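There are 2 protein chains.
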Amino acid sequence: MSQNFETIAKGKAKAILNAIPEHWRLNIAIPPADKQRDVTGKYMQQFLTAGEVEITETDAVGILEHTTTGKWSARDVTEAFCHRAAIAHQLTNCLLDIFIDVALEHADTLDAYYHEHNKPIGPLHGLPISLKDQFHVRGAETTMGYVGWIGTFEGQKGTGKERHFESQLVTDLRQLGAVFYCKTTVPPSLMSPETHNNIVGYLFNPKNRHLSAGGSSGGEGALLSLRGSPVGMGTDIGGSIRIPSSFNGVYGLRSSTGRLPYERTPNSMDGQESILSVVGPMATTLRSLTFIIKALLSMQPWLHDPMVIELPWRDEQASRLQAMSEKLGSSEKLSFGVLRRDDVVLPSPPVRRAIEMVVKALENAGHEVIEWKPPPHSRGLDIAVEAWMYEGGEDIHNAFGLSGEPVISHISRRYGNKPVEQKRASDIAANNIARRKYRKEYLDYWNSTANLTHSGQSVDAFISPVSPYGGTRPNTYHYVTYSTIINVLDYSSVAFPVTHVDKNVDVVDDGYVAANPADKQVSESCKYFPN
Amino acid sequence: MSQNFETIAKGKAKAILNAIPEHWRLNIAIPPADKQRDVTGKYMQQFLTAGEVEITETDAVGILEHTTTGKWSARDVTEAFCHRAAIAHQLTNCLLDIFIDVALEHADTLDAYYHEHNKPIGPLHGLPISLKDQFHVRGAETTMGYVGWIGTFEGQKGTGKERHFESQLVTDLRQLGAVFYCKTTVPPSLMSPETHNNIVGYLFNPKNRHLSAGGSSGGEGALLSLRGSPVGMGTDIGGSIRIPSSFNGVYGLRSSTGRLPYERTPNSMDGQESILSVVGPMATTLRSLTFIIKALLSMQPWLHDPMVIELPWRDEQASRLQAMSEKLGSSEKLSFGVLRRDDVVLPSPPVRRAIEMVVKALENAGHEVIEWKPPPHSRGLDIAVEAWMYEGGEDIHNAFGLSGEPVISHISRRYGNKPVEQKRASDIAANNIARRKYRKEYLDYWNSTANLTHSGQSVDAFISPVSPYGGTRPNTYHYVTYSTIINVLDYSSVAFPVTHVDKNVDVVDDGYVAANPADKQVSESCKYFPN
Numbered sequence: 003m004s005q006n007f008e009t010i011a012k013g014k015a016k017a018i019l020n021a022i023p024e025h026w027r028l029n030i031a032i033p034p035a036d037k038q039r040d041v042t043g044k045y046m047q048q049f050l051t052a053g054e055v056e057i058t059e060t061d062a063v064g065i066l067e068h069t070t071t072g073k074w075s076a077r078d079v080t081e082a083f084c085h086r087a088a089i090a091h092q093l094t095n096c097l098l099d100i101f102i103d104v105a106l107e108h109a110d111t112l113d114a115y116y117h118e119h120n121k122p123i124g125p126l127h128g129l130p131i132s133l134k135d136q137f138h139v140r141g142a143e144t145t146m147g148y149v150g151w152i153g154t155f156e157g158q159k160g161t162g163k164e165r166h167f168e169s170q171l172v173t174d175l176r177q178l179g180a181v182f183y184c185k186t187t188v189p190p191s192l193m194s195p196e197t198h199n200n201i202v203g204y205l206f207n208p209k210n211r212h213l214s215a216g217g218s219s220g221g222e223g224a225l226l227s228l229r230g231s232p233v234g235m236g237t238d239i240g241g242s243i244r245i246p247s248s249f250n251g252v253y254g255l256r257s258s259t260g261r262l263p264y265e266r267t268p269n270s271m272d273g274q275e276s277i278l279s280v281v282g283p284m285a286t287t288l289r290s291l292t293f294i295i296k297a298l299l300s301m302q303p304w305l306h307d308p309m310v311i312e313l314p315w316r317d318e319q320a321s322r323l324q325a326m327s328e329k330l331g332s333s334e335k336l337s338f339g340v341l342r343r344d345d346v347v348l349p350s351p352p353v354r355r356a357i358e359m360v361v362k363a364l365e366n367a368g369h370e371v372i373e374w375k376p377p378p379h380s381r382g383l384d385i386a387v388e389a390w391m392y393e394g395g396e397d398i399h400n401a402f403g404l405s406g407e408p409v410i411s412h413i414s415r416r417y418g419n420k421p422v423e424q425k426r427a428s429d430i431a432a433n434n435i436a437r438r439k440y441r442k443e444y445l446d447y448w449n450s451t452a453n454l455t456h457s458g459q460s461v462d463a464f465i466s467p468v469s470p471y472g473g474t475r476p477n478t479y480h481y482v483t484y485s486t487i488i489n490v491l492d493y494s495s496v497a498f499p500v501t502h503v504d505k506n507v508d509v510v511d512d513g514y515v516a517a518n519p520a521d522k523q524v525s526e527s528c529k530y531f532p533n
Numbered sequence: 003m004s005q006n007f008e009t010i011a012k013g014k015a016k017a018i019l020n021a022i023p024e025h026w027r028l029n030i031a032i033p034p035a036d037k038q039r040d041v042t043g044k045y046m047q048q049f050l051t052a053g054e055v056e057i058t059e060t061d062a063v064g065i066l067e068h069t070t071t072g073k074w075s076a077r078d079v080t081e082a083f084c085h086r087a088a089i090a091h092q093l094t095n096c097l098l099d100i101f102i103d104v105a106l107e108h109a110d111t112l113d114a115y116y117h118e119h120n121k122p123i124g125p126l127h128g129l130p131i132s133l134k135d136q137f138h139v140r141g142a143e144t145t146m147g148y149v150g151w152i153g154t155f156e157g158q159k160g161t162g163k164e165r166h167f168e169s170q171l172v173t174d175l176r177q178l179g180a181v182f183y184c185k186t187t188v189p190p191s192l193m194s195p196e197t198h199n200n201i202v203g204y205l206f207n208p209k210n211r212h213l214s215a216g217g218s219s220g221g222e223g224a225l226l227s228l229r230g231s232p233v234g235m236g237t238d239i240g241g242s243i244r245i246p247s248s249f250n251g252v253y254g255l256r257s258s259t260g261r262l263p264y265e266r267t268p269n270s271m272d273g274q275e276s277i278l279s280v281v282g283p284m285a286t287t288l289r290s291l292t293f294i295i296k297a298l299l300s301m302q303p304w305l306h307d308p309m310v311i312e313l314p315w316r317d318e319q320a321s322r323l324q325a326m327s328e329k330l331g332s333s334e335k336l337s338f339g340v341l342r343r344d345d346v347v348l349p350s351p352p353v354r355r356a357i358e359m360v361v362k363a364l365e366n367a368g369h370e371v372i373e374w375k376p377p378p379h380s381r382g383l384d385i386a387v388e389a390w391m392y393e394g395g396e397d398i399h400n401a402f403g404l405s406g407e408p409v410i411s412h413i414s415r416r417y418g419n420k421p422v423e424q425k426r427a428s429d430i431a432a433n434n435i436a437r438r439k440y441r442k443e444y445l446d447y448w449n450s451t452a453n454l455t456h457s458g459q460s461v462d463a464f465i466s467p468v469s470p471y472g473g474t475r476p477n478t479y480h481y482v483t484y485s486t487i488i489n490v491l492d493y494s495s496v497a498f499p500v501t502h503v504d505k506n507v508d509v510v511d512d513g514y515v516a517a518n519p520a521d522k523q524v525s526e527s528c529k530y531f532p533n
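Here the protein sequences come in this chain order: Z and R. For reference, each letter of the first sequence is one residue, going 3 to 533 in my numbering. For reference, each letter of the second sequence is one residue, going 3 to 533 in my numbering.
To be clear, the hints were calculated from the coordinates, so they are not data collected in a lab. Among the clues, some could well be false.
Identical chains share a label here; the pair holds if one copy fits it or two copies do between them.
As the list claims (entries may be wrong) - With a Cα cut of at most 35 Å, we get these calculated DSBU-like pairs of lysine-lysine: (1) 296 with 335; (2) 159 with 442; (3) 121 with 442; (4) 522 with 362; (5) 420 with 439; (6) 296 with 442; (7) 335 with 121; (8) 442 with 163; (9) 163 with 439; (10) 296 with 439; (11) 159 with 439; (12) 442 with 14.
Quantities reported herein were computed from a predicted structural model and do not represent experimental measurements.
Here chain Z stands alone, though its shape is the one from the complex (with noise of 0.2 Å):
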């Protein structure tokens, strides 16, 4: 370490701030929070202009209506969110780099192949994609919420890698048509449902400035959140797209393992592969998801990562399900499981109250609901934590040490401030094991529920909260189960948003006997949120 971690921290934030044009600055004192809880929509918009406001406030396909059809110019899409990203930064710290001329000069290229061929250069053109700062992108460096990887390749210098590497994802993006600007923040590591790393600190929720945003993808759901990106690139590996897109009201989509290209994507504990980690995308509307997913689909994803499976999309599939969800066949109905608690804690009172309105939603619908009785999750959750402790936090302790910065708290944790002892061999394939039986139990369950609906056929899906929280203050999300599950079983699954927290109708119930010191954190979380 030449500089002091601080030193070096300091300048990275400074140079984010500096990439924002002059122009572009927030003359103000940004109010507390207790002054100015949300910042999102009015907040937000006073800084825009019209335009501004209706362009980012057009959700991703929206913006592909206009910018595939030269109605909008990739330029004015690009500087439109540009801006409100520069704006979302000032207010949040969600950013960890902006590149603003690249992205401009990009989107001149593409309104330059529309003006000379009169069509779009793909199904993408002009689409504005943020990305965790875990991606690698051209023009931008990767930090992973590191100090130490500030002016690095993935921790190393003088690679020749450093703003040239580009991940597959973005490469296929980028052909497909997308624009990238910003790089969003995240913990060190990744390996947290909150977002606070040394470069530019906790990062709050834009929609209530005293709790969480959320993580480990929190700045692509801060960000969101502000309207200052369409679609976001995120990561899951317990969580971490999901997690965040609840807290943030957004939409969030984790694949299961081999669907999307995780190739030239660094990561923690690379090369751990019993619980893998999956990248995804987080969006304002549910169609944004599936759109991104076919244009990436449609890249054929396996010829160029290994460990991509080639299955392309599946439209028969889709519109089987839109059929049935649209009730064109009157008698073929959907079914689905409804978990309304998991075997260890009760979700909070607003998280109950949204999935109730999901399944009168649903039974509205003409669908069925059933209840969901899984084998217990908190084996399941075992597997994970197992999983994630293999090499005792080698990989994690290293990339901190780099700089010699400290330990995030929420990472500390689980993975203390020095690695411990390693799993051996046949530890892990024990943990494999274990895995591959709890999945197999868990799909005997699901087949088992045949029996139980009216059409004879086992549930479609099954409905879970993401989390048992409607919120966290900083440093308290502590009960992963409910998002992790996921990852064990390795299902696909997409988060969406139903409410807000209300608190005078989610009301904490002062007499609830807590079974457990999860389930009491859990339960009484609301209760301390700000006014």
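With chain Z held as given, fit chain R onto it using these hints.
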């Protein structure tokens, strides 16, 4: 150990013979190999009726054409194969169990079903299928070649699962209408390209009894060679389906992982997931493999095995390739890479001749063949060997230790006589990364062949020797890279027969200067074939 391992092993060997009815016993002394080198074909036929020969020399698809239309009874077919397998075992010791009564009883229920419903119970109605003695099947035990597994369930007594528990693959085949009648011999642990155990001894090749039948699905190979089975199920982690297919002149499929159910099938070093073993069929014709795979996929195995991918048989792909291979579209031709040698070992003369025969056949059919020059296979092999050694042989030595039997020499060659130190989590992670990078490099190479073909498309497949050997004397199969590279890459691969060794044609070049000891060993391997 209450009993000496030899007593237990001899008891088991005797029980197999005793399970053969008196009138099927060969009351002749089996001539030694130098008197009767080849016991297939005519030699085998002398022990059978003309009707039995007709049935047993019909392939699986042909048999099913008869059994699913009522032309042949399941009983007659089953009995014929039981008889031929019983003879095969007496000639070669290729079985570890035969259960004729169970099989005939099952066949009778199938005949009764057909009689009552005038239709088959499923697409495999009445088809006898042999099982590598790794699969569990109701009514029989599984030894996996270990003396210590005799009279137990996977080495444990009193589990209640003995002779009752069944592998998912077997249950699926049973539901499709298949009949089970025997278990075929394997090397203990299955981690060998040869088949030798302390129960029934060394498995020689029925075509040339001086040579090895290959392994680890060697019993399947020998039984198929002798036409004691129309289809057998094997497993493959480094060539264990393809090597015995190659040595016995039959077809064998190693599908990619996640295609067929391994659920409820025991394995060595279970939980090692870097290089996964797969299950697959071996058969006397190519169309039999196709038929079995289609039938198995029709069972939707992903509903019963969480490791199986939801991916039905893709008719459109099969038809497209079929059409191209038949030159129906005149301009569309297939293109192939041909691996004439890897970076370490030149295949022996008969293998080189077989490869040239395939190349000529493809070119004569109008297809294009280009040289296959991939990333060095030796690097790939290192990754597999590392994965096989993760836990230092602990599982294997524990299993040998159950009975105190000595470690078979071609197992101890790799695993020694006691466990060695296990690998740590970060070693395993590093190997997983190496494997991913190797796959990526190979994939990029494959894509690059688009620059070399006339069509401008990358090759459709590549042709490679399964083994550098035309055959091996016992304990001399040393070089496994040709088959194992496929497991490292996780490609689908089919072994098919091309020709036989001909000492007059496949002359060893005495002037050949071997590049290394492995190369020398292979180049000279045919030299020492007995006449």
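Hints and how they fare:
1. In this assembly of identical chains, the alpha carbons of residue 296 and residue 335 lie at most 35 Å apart whether taken from the same copy (25 Å) or from different copies (30 Å).
2. For the identical chains of this complex, residue 159 and residue 442 are inter-copy neighbours only, at 24 Å across copies versus 45 Å inside a copy, given an alpha-carbon limit of 35 Å.
3. For the homomeric pair residue 121 and residue 442, the shortest alpha-carbon distance between copies (34 Å) is at most 35 Å, but the shortest distance inside one copy (49 Å) is not.
4. When the C-alpha separation of residue 522 and residue 362 is checked against a cutoff of 35 Å, the pair qualifies only within one copy, where the shortest distance is 28 Å, while the shortest distance between copies is 74 Å.
5. Taking the closest pair of Cα atoms, residue 420 and residue 439 come within 35 Å of each other both inside a single copy (32 Å) and across two copies (29 Å).
6. Taking identical chains as interchangeable, the C-alpha atoms of residue 296 and residue 442 lie at most 35 Å apart whether they share a chain (30 Å) or sit on different chains (23 Å).
7. For the identical chains of this complex, residue 335 and residue 121 are inter-copy neighbours only, at 33 Å across copies versus 41 Å inside a copy, given an alpha-carbon limit of 35 Å.
8. Proximity of residue 442 to residue 163 under the C-alpha cut-off of 35 Å is restricted to the inter-copy arrangement: shortest distance 18 Å between copies versus 43 Å within a copy.
9. Taking the closest pair of Cα atoms, residue 163 and residue 439 come within 35 Å of each other only across two copies (17 Å); inside a single copy the shortest separation is 42 Å, beyond that limit.
10. When the C-alpha separation of residue 296 and residue 439 is checked against a cutoff of 35 Å, the pair qualifies both within a copy, at 32 Å, and between copies, at 26 Å.
11. For the identical chains of this complex, residue 159 and residue 439 are inter-copy neighbours only, at 22 Å across copies versus 44 Å inside a copy, given an alpha-carbon limit of 35 Å.
12. Taking the shortest alpha-carbon separations for residue 442 and residue 14, only the inter-copy value of 34 Å comes in at or below 35 Å, while the best intra-copy value is 47 Å.
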